[in-house]
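Take these sequences, add in the hints, and give me the full structure.
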Amino acid sequence: METVLYIAVFGALGCLSRYYLSGWVYELFGRAFPYGTFAVNIVGAFCIGLIMEFSLRSALVSPQLRIGLTIGFLGGLTTFSTFSYETFRLLEDGELLIASANVLFSVMTCLIFTWLGIIVAKAL
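First residue of the sequence shown: 17, per the numbering used here; consecutive thereafter.
Quick caveat, the hints were computed from the structure, so don't treat them as lab data.
Among the hints, erroneous ones may be present.
As the list claims (entries may be wrong) - SDA-like mimics (lysine to any residue), calculated; alpha carbons at most 25 Å apart, straight line:
{"hint": "1", "residue 1": "Lys138", "residue 2": "Leu81"}
{"hint": "2", "residue 1": "Lys138", "residue 2": "Met124"}
{"hint": "3", "residue 1": "Lys138", "residue 2": "Phe62"}
{"hint": "4", "residue 1": "Lys138", "residue 2": "Leu127"}
{"hint": "5", "residue 1": "Lys138", "residue 2": "Val77"}
{"hint": "6", "residue 1": "Lys138", "residue 2": "Gln80"}
Quick caveat: nothing in here was measured; it's all calculated off a predicted structure.
Below, the structure is given as structure tokens:
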């Protein structure tokens with residue numbers, strides 16, 4: 017039951033973080049490209065690398081907290097379904113170049129940020 021509570025609480029925080037972060041990014045850069053979704057996915061990629069690497073190497077993070085942070089918070093924060101929908105809509109609107117850029121930039125950048133999160137965790 018404790019694990020479920022961690023997931024629920026951190027999931028709510030992740031959802032709110034997604035809402036505010038993506039909204040802020042869209043205000044800064046506009047909506048010509050899915051910048052808000054791109055930004056939350058980059059943050060999520062970095063955090064999953066950092067949290068998993070650090071928590072698996074350290075007793076400072078309990079298994080319940082790790083699950084709460086990854087499944088709960090990052091599950092609420094990251095937006096693969098939104099990424100898929102936005103990319104589909106771009107394709108449907110004939111924006112092949114922007115849709116392709118979204119896929120390429122999102123996947124490559126998130127892989128790089130996951131790696132950076134692991135590097136940071138190893139340095140801690």
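Each hint tested on the structure:
no. : hint             : result
1   : Lys138 to Leu81  : holds (19 Å)
2   : Lys138 to Met124 : holds (21 Å)
3   : Lys138 to Phe62  : holds (13 Å)
4   : Lys138 to Leu127 : holds (17 Å)
5   : Lys138 to Val77  : holds (15 Å)
6   : Lys138 to Gln80  : holds (21 Å)
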